[in-house]
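Chemist: Using the sequences provided together with the hints, build the complete structure.
For the protein sequence lines, the chains are A and B, in the order given. For the first sequence, our numbering assigns the number 1381 to the initial residue and increments by one for each residue that follows. For the second sequence, our numbering assigns the number 1381 to the initial residue and increments by one for each residue that follows.
Among the hints, erroneous ones may be present.
[As the list claims (entries may be wrong)] No farther apart than 30 Å at their CA atoms in a straight line, the calculated lysine-lysine pairs in the DSSO-like style are these:
id	chain 1	residue 1	chain 2	residue 2
1	A	Lys-1460	B	Lys-1460
2	B	Lys-1460	A	Lys-1410
3	A	Lys-1405	B	Lys-1460
4	B	Lys-1410	A	Lys-1405
5	B	Lys-1460	B	Lys-1405
6	A	Lys-1410	B	Lys-1410
7	B	Lys-1410	B	Lys-1460
[Stated by the list, open to error] If we take Cβ atoms under 8 Å as the criterion, some of the chain B residues that face chain A in the derived model are:
id	residue
8	Ala-1384
9	Gly-1388
10	Ala-1391
11	Met-1398
12	Met-1399
13	Ala-1416
14	Ile-1437
15	Thr-1440
16	Met-1442
17	Leu-1461
The hints are simulated quantities; they were obtained by calculation from the structure and are not laboratory data. Built from N, CA and C at the ideal position, the CB exists for glycine as well.
Residue-level listing of the chains:
There are 2 protein chains.
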Amino acid sequence: MTSADMVGYAATVVGTSMMLPQLIKSWRTKQMHDVAAGMTILFLFNCVLWLVYGVMISATPMVVANAIGLVVAITLVGMKLYFHDK
Amino acid sequence: MTSADMVGYAATVVGTSMMLPQLIKSWRTKQMHDVAAGMTILFLFNCVLWLVYGVMISATPMVVANAIGLVVAITLVGMKLYFHDK
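Modeler: Below, the structure is given as structure tokens:
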């Protein structure tokens, strides 16, 4: 593995775990008024596209990371819709 | 360019523009109470790592996209700090 590969893997891990603090905070407070809906939807598309890319180039770690990211993204979008009127 | 490359480029564009709706919303409302600080900081690290990776593999579009993403990230972290007590 080259040093560039290592940076790329670190970036993948950071990128897919990025929304975990938001998920935890929103779950605890049940408040998402200040969180942009567009951001949660773009994160969902981001995970879908990287997942498809991972499958196409047969990069298993990328597929696993973005499958987890996708679950987080769907949960966030759902929470944004559900907490909308609260 | 293969179809996998095209999906990868689309994912890069979506990933780096992901925070734009959040930036616009937070700028307008001056409210970031519900936005997790950890999420803005991880997005900043995400952009730094992809920027470094882009430089290492000499991928100019990736460098440009993540340089823009980094400016967005720094602005978001700054806004989160500045709007904290409001």
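Chemist: Could you check the structure against the hints above and give me the numbers of any it violates, in ascending order?
Modeler: Structure breaks hints 15, 16 and 17.
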